[in-house]
Amino acid sequence: MSEKPTISKAELAELFRGFIDPAFVIDDAETMKPYECDGMSMYCEMPLLVVLPETVSQVQDVMRTCARHKVPVVARGAGTGLSAGAMPHAEGIVLSLAKFNRILSIDPLARSARLQPGVRNLAISEAADRFGLYYGPDPSSQIACTIGGNVAENSGGVHCLKYGLTVHNLLSVELVTVDGELVTIGSDGLDCCGMDLMALMTGSEGLLGIVTEVQVKLLPKPEIAQVVMAGFDNVQQAGDAVGGIIAHGIIPGGLEMMDGHAIVAADDFAKAGYPRDAKALLLCEVDGTEEEVHEHIEQAEALFRKLGATSVRTSQSEEERALLWKGRKSAFPAVGRISPDYYCMDGTIPRSQLAHVLTEMEKMSEEFGLRVANVFHAGDGNLHPLILFDANVPGEFERTEAFGSKILELCVAVGGCITGEHGVGVEKIRQMAIQFNDDELAQFRDVKAAFDPDGILNPGKGVPTLRFCQEYRSLEHKQHDIHSNADSTHG
Amino acid sequence: MADLSKQIQDQVLSARNAGTKLNIVAGGSKSFMGRAADPDASELNVADHSGIIDYHPVELVLTVRAGTTLKEIEATLAEQGQSLHFEPPRFGDQSTIGGTLACNLSGPARPWAGSVRDQVLGVKLINGKGEHLKFGGQVMKNVAGYDVSRLQAGAMGTLGVMTEISLKVMPQPAASLTLVREMAADQVIEYMNARAAEPKPLSAACWLDGRVYLRLSGAKSAVEATARQWEGEVLEEAEDFWQQLRDQQHGFFNRSEPLWRFSVGATAKQPPLDGAWLIDWAGAQRWYSGDAEKPRLQQWAREAGGQVSLFRGGNRDGEVMHHQPEVLAGLQKRLKSAFDPDGIFNPGRLYSWL
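Just so you know, the protein sequences line up as chains A and B, in that order. Heads up: the first sequence begins at 1 in the UniProt record's numbering, then just goes up one per residue. Heads up: the second sequence begins at 1 in the UniProt record's numbering, then just goes up one per residue.
Worth flagging that the hints you see were computed from the coordinates, not collected in a lab. Don't take each hint at face value.
To be verified - Distance condition first, Cα-Cα at most 25 Å in a straight line; then the derived BS3-like pairs of lysine-lysine:
{"no.": "1", "chain 1": "A", "residue 1": "K221", "chain 2": "B", "residue 2": "K134"}
{"no.": "2", "chain 1": "B", "residue 1": "K21", "chain 2": "B", "residue 2": "K333"}
{"no.": "3", "chain 1": "A", "residue 1": "K70", "chain 2": "B", "residue 2": "K333"}
{"no.": "4", "chain 1": "A", "residue 1": "K406", "chain 2": "B", "residue 2": "K333"}
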């Protein structure tokens, strides 16, 4: 944890105004208000100051100033994160990279692009389109989220099984270290000598440095993509069908599953023509050359029928493909319509555990008195349970969090993890102690100290302190005892 | 075929208490790589810590002890029609998965199928304090904590002894076919990259002895249709060619001059350096066998947007890796201390100063 800053708010603002346009050193509460949270709006905090530098050398000066005075720094892109990773620190600054929004170059022959960190994810593919190229990872927030944030979170999307996560699609980053040094990690080549620092930086949630430039790989746009939609009477069959496709040797571009609640909500919203009586729905997209897609789509249709699908429909046009996806892509807002609030979880599980996990989740849903709808990146095991609640009912969010925590514990227990793509941030910092033991967490803290010995980069996120873990474990232990006693009374 | 992690842990702890150093060895097939091992360090042999722990073909996930040989892994995967898509070089039957990850070695398919580092999902490792730690996991998406698993790629064992590795595996392609045609070195860079920018099932692109080789892999219909559209003769016995390239058994790799490996921008122009060249990965990996001095090679690697290392032969007592700028060297030293505070593991193997 960082020590107390050695400088007042007014002095700090004055220092920043010495090298940043004073209009972009924000210190009044009203203008700072939009920065109090990211996409995880349940967690809010007002920062000391917000700064929006416009050049890399200004970012270096911001870091030098903050390092000298031990002022916490929270880097921020578009603020679409879902784990409160960009929630401000009360004694620190928000370092917004919003002004770094230029695509610096696209090299169509080398299939790469140089980007400032504030470039939006979708803008990369839009700019690369005229060369027949695109950028692979496509998180749901891709209209708004930025590549700098994608690097910080190692963002995924619906195409990860075939095209990988952010970590698989980066060549290099330019980084400002905690003491203001500028360094390039990675290269134009596919690997570098020595330890893989690119991998370490990717997904480090702003705890190790400030990314000021990103070089990504671009992929040739597939000639054609088609999606097969298959409805099933139960989740087990749908899960088996996913395994069946993969065992057959087909790696779909996207492979998504929704449960009954999500199907109805998404269909009400998008009018996608989903089988509303199905208990599970698969969307299986195959992309590639025309010959390959034709061959694989036929095989997928036959396999789904053989494995018990009650309905099978294949997109016959780009419009139909877009419509079938529209339901899935709008699943979150669709669920938002049937409940005042929803809380999106992000566990990952081995696919074979899906039916078990969903059954257990149904039991918990009854226990906590809260409904839950599930959307699932079935290809890569990333589960997004949406817990429906009403924040205006006192105690309901707390109950929702407790339910969510139980879901993540279950994910770890079946061999999965607490976060597939949303990051730990503040939100899942308690569950870190479920997935990792004290020695492992201590190793993470030592890694952090190698980059940031005073702990001023995004303090309180990602990796819990030792004391925090001990308190959490002892609390869990007590709750467990209470539960066990209650169970024995029932028995 | 046994779990020796407890014994390995004990050996690390005794080395720590005694203030001695350890050279981690398994198959020993890559002892020619990196800097020469410290003669004062004792050998920590982990070859017997081997065996497949968990393999679910439908999950596309494999978990093995780090001393498991590539041979055993590939035989097991082949029974299920799957493979290690990154085509790691086998410098002998005894090459292990742990050594492959520590040296970050991948074969001809790497630009399309990803590298060994790309396929790693999790590792268990014993750090310099003798703690047995687990990072990552057995699932494809996992962003909890720092990516310590992939950090091991290329670290050459300087951060700890890996004991377990989980990997993503993939189905073998249904069909494969190689096109070959004559081409001069100064034209081939643009040619290979232009092909790679097309949405076709390209899975390897290499240039050697005045010929360019393009391998197509995937659905049979797609491979055959692309072969009709692209120029070149269909190569007979293509599997042998790619196997020799992958395992570095081709005559090119037997030259007496030092062998240098360039990892550079795929479209960088070939440099005017005397010696023999082999261009792989559509230009992103280039092998040079010749007598040019390291400063000159480093200079070109920088201009080509990448790095160079002395892969085989030459002086193994000097620095064999690309020069590290001060900030990166500082970070790597501090990371080394974070994992191995007493500097027990593989001293001087990666850099003289680590």
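To see whether the hints hold, each was checked on the structure:
1. A:K221 / B:K134: Given pair K221 (chain A), K134 (chain B) is violated - Cα atoms ~38 Å apart, limit 25 Å.
2. B:K21 / B:K333: With a Cα-Cα distance of about 17 Å, the restraint between K21 (chain B) and K333 (chain B) holds, given a limit of 25 Å.
3. A:K70 / B:K333: Distance ~24 Å between K70 (chain A) and K333 (chain B) Cα, so the pair holds.
4. A:K406 / B:K333: Violated, because 40 Å separates the two Cα atoms, which is more than 25 Å.
Checked against the numbered hints above, the structure violates hints 1 and 4; every other hint is satisfied.
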